[in-house]
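Undergrad: Sequence:
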Amino acid sequence: MSLDLVAEATTFVDLAGLLDAGEVDGFAVDYLSWGFYEQSAWRNFAHTHSFYEVCLAFAGSGTFTVDGEEHAVEAGTVFIARPGEVHEIIAHPGDGLGIAFWGFTLQQSGTAPTSQPGWWSGLVRADRPLVSSSLGSLPTLIAALAAEAAAPRSGVTEQVRALGAALVVETARAFARESDLAIDLDPAARTTSRVAAMERYLADNLERTLHVRDVAAAVHLSSRQAARVFVRETGTSLMTTLRRLRLERGAHLLLETDDPIAQVALACGYPEARPFITAFRRRYGQPPGAFRRNGGTLHL
4 MSLDLVAEAT TFVDLAGLLD AGEVDGFAVD YLSWGFYEQS AWRNFAHTHS
54 FYEVCLAFAG SGTFTVDGEE HAVEAGTVFI ARPGEVHEII AHPGDGLGIA
104 FWGFTLQQSG TAPTSQPGWW SGLVRADRPL VSSSLGSLPT LIAALAAEAA
154 APRSGVTEQV RALGAALVVE TARAFARESD LAIDLDPAAR TTSRVAAMER
204 YLADNLERTL HVRDVAAAVH LSSRQAARVF VRETGTSLMT TLRRLRLERG
254 AHLLLETDDP IAQVALACGY PEARPFITAF RRRYGQPPGA FRRNGGTLHL
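Just so you know, the sequence shown maps onto residues 4 to 303 in this note's numbering.
Bear in mind the hints are in silico, worked out from the structure with no lab data behind them. Do not take every clue at face value.
[What the hints assert, rightly or not] Cβ-Cβ distance ranges computed for the label pairs, FRET-style: (1) S157 <-> A220: 33 to 39 Å; (2) A31 <-> V234: 43 to 49 Å; (3) R227 <-> A75: 53 to 59 Å; (4) R277 <-> S157: 47 to 53 Å; (5) E88 <-> D207: 52 to 58 Å; (6) P86 <-> A153: 28 to 34 Å; (7) S225 <-> T66: 53 to 59 Å.
Ideal placement from N, C-alpha and C gives every residue a C-beta, glycine not left out.
Take these sequences, add in the hints, and give me the full structure.
TA: Written out as structure tokens, the structure reads:
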């Protein structure tokens, strides 16, 4: 099914002039060719390029010869000619061969660590394969780029730039080893992100009646897990944080608006003014009215 996406991506060629250059993970990229061959019998005679040329076969079969070594290619394979490699493509005379192809340069900029393994190894390492069946998201990216080229709309520049960057990375991944792509994720980063999401949920819903289960559901954790993670990372409970945020909003509204105290209380999640006044005095040392009159200053 994914190859059907490529077979329909005839407007892939219209990316010429629409996507010419970009930056990918510390590499400067120039996009030099975009092409599409319908399934037919054809021959691309021996030649070479100063850039990476990549083909994805969506139908038929044929041979791909690089520096005198022949490789069989068929629908569902992606194959690459690296800079300086003499290559030739011959479609099967009966089956024909249908491909989408793209060409680009990859120049190290800044501190891109080409000496270390990474997705780029699939491109810059000569000992990586020339033919692969690891398509990943390449068909989807080709289809998305073709769709942008077919009907450009506002935002197309950023869209094709992002999709082009993803195409370069996914192209390299197709020819990389698993060891090239292995990374170490910091488990704490995910926890920190979940805590930030919980804090944002609280801040966005201060006027509503909230329970721990509501916040936990927003980050796909059980109530017990969410409460435990939040306390471990922040040193305080979800409900304590909720009360603090509500009173901080109340202080802001008292100073920045002329809203009645009862209305301020409602905006902070207190259905009645009296509990709000009591909680506010406990936190700020004075009731809301005095806080407003004193401009937030507590006179001792």
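Undergrad: All hints are to be evaluated individually against the structure, with a verdict given for each.
TA: Here's how the hints hold up against the structure:
The hinted window of 33 to 39 Å between S157 and A220 holds, with their beta carbons roughly 35 Å apart. Judged by the Cβ atoms, the range 43 to 49 Å given for A31 and V234 holds: they are separated by roughly 46 Å. At roughly 56 Å, the beta-carbon separation of R227 and A75 lies within the given 53 to 59 Å, and the hint holds. At about 52 Å, the CB distance of R277 to S157 agrees with the hint of 47 to 53 Å.
Taken as a hint, the range 52 to 58 Å holds for the pair E88 and D207, whose Cβ atoms sit roughly 54 Å apart. Checking the proposed 28 to 34 Å range against P86 and A153 shows it holds: the Cβ atoms sit about 30 Å from each other. The hinted range of 53 to 59 Å is satisfied by S225 and T66, whose Cβ atoms lie roughly 56 Å apart.
Violated hints for the displayed structure: none, as all numbered hints are satisfied.
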